[in-house]
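Chains as they are written, first to last, in this note's numbering: chain A, 4 to 238; chain B, 492 to 939; chain C, 16 to 188.
Take every hint as true, because none was put in to throw you off.
Pairs of lysine-lysine residues, derived as DSSO-like cross-links and limited to a Cα-Cα distance of at most 30 Å, are as follows:
1) Lys-513/B with Lys-757/B
2) Lys-7/A with Lys-96/C
3) Lys-159/A with Lys-173/A
4) Lys-674/B with Lys-184/C
5) Lys-7/A with Lys-173/A
6) Lys-143/C with Lys-674/B
7) Lys-7/A with Lys-188/A
8) Lys-757/B with Lys-673/B
9) Lys-7/A with Lys-159/A
10) Lys-143/C with Lys-673/B
11) Lys-143/C with Lys-906/B
12) Lys-173/A with Lys-221/A
13) Lys-513/B with Lys-673/B
14) Lys-906/B with Lys-674/B
15) Lys-44/C with Lys-143/C
16) Lys-184/C with Lys-673/B
17) Lys-159/A with Lys-96/C
18) Lys-757/B with Lys-906/B
19) Lys-673/B with Lys-17/C
20) Lys-837/B with Lys-757/B
21) Lys-173/A with Lys-188/A
22) Lys-213/A with Lys-7/A
23) Lys-159/A with Lys-169/A
24) Lys-17/C with Lys-674/B
25) Lys-96/C with Lys-221/A
26) Lys-213/A with Lys-159/A
Computed beta-carbon distance windows for the label pairs:
27) Val-77/C with Ile-619/B: 23 to 29 Å
28) Ile-731/B with Glu-168/A: 55 to 61 Å
29) Arg-74/C with Trp-808/B: 55 to 61 Å
30) Ser-523/B with Met-16/C: 47 to 53 Å
31) Val-77/C with Tyr-875/B: 54 to 60 Å
32) Ala-167/A with Lys-96/C: 32 to 38 Å
33) Val-77/C with Ile-731/B: 32 to 38 Å
On the chain B side, residues computed to face chain C include the following (Cβ under 10 Å):
34) Ala-641
35) Gly-685
36) Pro-706
Just so you know, the hints here were simulated from the structure itself, not pulled from any lab data.
By construction, the Cβ of each residue, glycine as well, lies at the ideal position given by its N, Cα and C atoms.
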Amino acid sequence: MEHKWGLVVDLDRCTGCEACVVACHAENNIPTAGEDQAARGRAKHWIRVERYWEGDFPNPRVRFQPVLCQQCDEAPCEPVCPTYASYHTPEGLNAQVYNRCIGTRFCANACPYNVRFFNFYNPQWETPLQLQLNPDVSVRSVGIMEKCTFCVQRIKAAEIQAEAEKRELKDGEFTTACAQSCASKALVFGDLNDAASEVARLANGNRGSKLLGELGTKPNVTYLERGSWQDANNG
Amino acid sequence: MQTTAEQIEQDLLRPLFHSSAKYWIAVALATSLLLAGVAAFAYQLYNGIGVWGINSPVFWAFDITNFVFWIGISHAGTLISAILRLTNATWRRPITRCAEAITVFSVLIGAIIPLCHIGRPWLAFWMIPYPNQRHIWPNFRSPLAWDFFAISTYLTGSTTFLYLPTIPDFAAVRDAATGFRKKIYRVLSLGWQGTPRQWQRLETAMHIMAVVIVPVAVSVHTIVSWDFAMTPVPMWHSSIFGPYFVTGAIFSGIAALILAMALLRKLLHLEEYLRPIHFENLGKLLLTMSLLWFYFTFAERLTAWYGNSPPEMAVFWESIRKQFAPLFWTMVVCNFIIPVPILAIKRLRTITGTAIASATVVVGMWLERFLIVVPALEHKFLPYSWGTYRPTWVEDTLMASSFGMMALLYLLFSKFVPMISIWEMKVGLQAHGGVPVVAAADGPVLAE
Amino acid sequence: MKALYGLYVDAASAQRAVDALRVASSELKFDAQQIVIVSGEPHEGYDFTDSQATSSPYRWAVLGAVVGGATGYLLTTLSQKSYPIFTGGMSLTPAWTNGIIIYEMIMLGAILTTLVVLLIGAGLPNFKGVITDPEIGMGKILVGVVDPPENSRVELERRLRLAGAAQVKQSIL
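The following block holds chain A by itself, in its conformation from the complex (with noise of 0.2 Å):
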């Protein structure tokens, strides 16, 4: 059967640790946007932990909420771009071609997860930190939009292993970046398809639900969480 990736998010294990942005930044070269960009409202982080703050003072609960391309099955970012750059592969992903870009930002504005970036300007490293960068990925220039891909760098260097090995891909073979760093184990990524897996079981749970679910976007990500935050302060 043809593999449907998805990853599951877990809100209750999640402790805004952002190990998984830094990881993300690292594995997919992406730039720091600096702080005078970033004031700009041009940071980019293809995985951002949302932070919201509930209730008030003597008791404010804080909720981190990872939020990432949520590679939805019905995604309104595809059909809108002119030129087939964002478009939905058979393996379920929502694919970015860098070469096809032109540019119109149309994506970005349809998208409602806010997931997708725009290269402003030429990405820059300061020295030496280009030395860090991952060959596997390439580097977007000025006027590109990009976004998560669930590291489709590594899902395809583990297929193409597989292949000549002869052999099918087993869960947990290999994991996105954002998922590898997590300390908490929140994010888990893996084979929707497979029932066996460990993603396919967690988001088959009755604690799943997905973010904005209600617009029909159809996302493979899924939040879990237990109840309300009154059931979790009363015990």
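Chain A is fixed; fit chains B and C onto it per the hints.
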């Protein structure tokens, strides 16, 4: 005053052969604005689109506002020329070419803006479906692909619609000119002679064009509105956008036309041809469109408020009460509160009155486009990623230069092409049995 | 090319002149096709103008629209089916979105066909010499004969004046 065919020809050809100093000053100003824009664009190409104020999540701002604004202005010509032709409104005769020229030039500017706002403008040609080995192909499901087809069709149609009735006038200039100018106009007029067969063919072609161009114009601005409505963004995803934008386009188009006519009247001494009755009639049309605009705006806002959907209400309050409230209420004043009394009260519906109302409408409609694009993008579904937007000098310059380009194209047009259709004015003379009139609506002006 | 023509102040006298020339063409043995009429604006309601009316541009425009629509259909459907790329959970060739492209191509077909039919029907561009007169710009209508037979010149001039010509002139191109 006696207006004969001869007088008409002399008056309307005069601007082509004589220009005042004021004219050249205006051309110089417009050219310098345009050049400033070219320089700003070069700066943007070199440094990257980061020199604009757009950010995440406000990826479109001034660029798309101006695009929609200029495409909107272009509906002037279609309404006046095509619809008034089809309904045999004879008072349209002196204003059809002014209107059609506005259409062609504003569609041209509107078509250039998207080419300049994309991240990699040098690849804009990928929108054209041409066979290639790189598997580059436009996505016909994208509203931007629809934009490409619609605007190309509209540009072709409106250029044809402008050019066809100008052929006999080019012939008139050819006959009146000498030397090098005569050669140019001989080419432009395609050797037009004026046989009955040619006249019949021309009028038939214009009739077909008038019938075809109206649905094209409606479709163009509807498709432009679908650039917004086809996304799930709150306050964008509304089915009212199609008719709302078309109405707003006709509204801003008539206003731009009145302004252009008021200016031309003074600059080219066309007082006998662009008479108060024309401004009165256009003023009545502008009043109707203002009321229609108010109706659509009210309907859109009321349904959003009544529906009380939280993402939409966030955007709604930003416009009505919070960050964008000054701009929003200025827009209402400019589009409705000022124009309606001026245009409704006959004593105020003079040339100056309609020109003032039109000027406020043009400002108000630009604000309307801005208030559609930016507040919604600033406040999408996830509050953590809400943002703000401020334009930079590059965007301001580009916007100003679009006005400069429009002014320059229009001024040059008035120098090379008779701004009022000579042969159509002569047909107007015929219709009154040779009694000299230039405006039928309020009774003929008899020969003295 | 020589021409002998009269200038008429209104369409009624021009019509009389045209009728007179038609009669003369059979009597004086020249082709009715050599009769030329030039005016600075169209005139309705007279035989010499209305006889030129034709509905063929309308039919051609409809044909152009059909061809445009077919082109649009083939463009969207064939190309999208040849290289299937799926976006947004939509089908490969959604009828409504393709319909918009097809609609624009229909209109474009009608527009281009109308332009071409006009150019062909009006004989444009025509850079050979045209018979014209400055008085046409002043509102007069030119009615005359191109390359009239030599021996009939005086007779033709008489008939042109009889029909009410303000002036009768000869021109050489």
